[in-house]
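Could you put the whole structure together from the sequences, leaning on the hints where they help?
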Amino acid sequence: MLKFSHLKKSLGGLQVPQLFVKIPRERIGVLIGPNGKVKREIEKNLNVMLEIDSETGDITINLNEDPTDPSQLFKARDVALAIGRGFSPQRAFRLLRNEDMMLTVIDLREIFGRSKSDIKRVKGRIIGKEGKTRKIIEECTEAYISVYGHTVSIIGGIEESEIAREAITLLYKEKVEVIQNSNHIIHSSTLNFILPSVIKLRSFV
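Counting from 0, one number per residue, gives the positions in the sequence shown under numbering that gives the first Met the number 0.
Just so you know, these hints were derived from the structure itself, not from any lab.
Here a beta-carbon is modelled for each residue, glycine too, at the ideal position from N, C-alpha and C.
Take the hints with a grain of salt, since some may be wrong.
For lysine to aspartate or glutamate, the following DMTMM-like pairs were computed, each having C-alpha atoms within a straight-line distance of at most 20 Å [what the hints assert, rightly or not]:
(1) K36 / E25
(2) K131 / E159
(3) K131 / D99
(4) K38 / E54
(5) K21 / D77
Quick list of simulated restraints, FRET-style, between CB atoms [said to hold, decoys possible]:
(6) S70 / R39: 16 to 22 Å
(7) E25 / G130: 27 to 33 Å
(8) M48 / Q89: 18 to 24 Å
(9) R39 / M101: 33 to 39 Å
(10) G130 / G28: 20 to 26 Å
(11) T59 / K131: 22 to 28 Å
Structure (structure tokens):
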């Protein structure tokens, strides 16, 4: 389940913002990390505290008592969500270390409803044989992509994320094929890029 909400708690008479996030229970162990290493790194770098319920997947993110930057709360949320959507901590920490990075989550259920067969088919197209399609998109865009459960998620800068999302959209609309070792142009409404490995448009009409 992909879910988050804003909360507030009382701290010395002050209302301090906090965020609630829910991630799949099977990803909680990854978020905590060996001996709590991943959790500690998030807390240390972002000046937050994570309260994790391993039974439900509920996570409450609190700012420390003397926060220097309240926006760190949202960065912590995005790192937790990224790990929850299948990214390794190392890849999710790109959000932590680079202010230009953003997390984009595409919920395939909003496009295909709850048809498990349609979602499985689309995920297969995006991943490709032995993960080659996903790897090519990552190499072309310099964004990270995770296909997990009913979502496809992207970590990258604004420009990189837009291109990766466009490629993914074309894939699930069944209008592209991925080829390697060639030089073609990927046509975008805003950008034209010549790429060493490309997404080649193909008509399915």
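Going down the list of hints, with the structure as the test:
{"no.": "1", "hint": "K36 / E25", "result": "17 Å, holds"}
{"no.": "2", "hint": "K131 / E159", "result": "19 Å, holds"}
{"no.": "3", "hint": "K131 / D99", "result": "27 Å, violated"}
{"no.": "4", "hint": "K38 / E54", "result": "17 Å, holds"}
{"no.": "5", "hint": "K21 / D77", "result": "12 Å, holds"}
{"no.": "6", "hint": "S70 / R39: 16 to 22 Å", "result": "21 Å, holds"}
{"no.": "7", "hint": "E25 / G130: 27 to 33 Å", "result": "20 Å, violated"}
{"no.": "8", "hint": "M48 / Q89: 18 to 24 Å", "result": "22 Å, holds"}
{"no.": "9", "hint": "R39 / M101: 33 to 39 Å", "result": "24 Å, violated"}
{"no.": "10", "hint": "G130 / G28: 20 to 26 Å", "result": "23 Å, holds"}
{"no.": "11", "hint": "T59 / K131: 22 to 28 Å", "result": "39 Å, violated"}
In summary, the numbered hints that this structure violates are 3, 7, 9 and 11.
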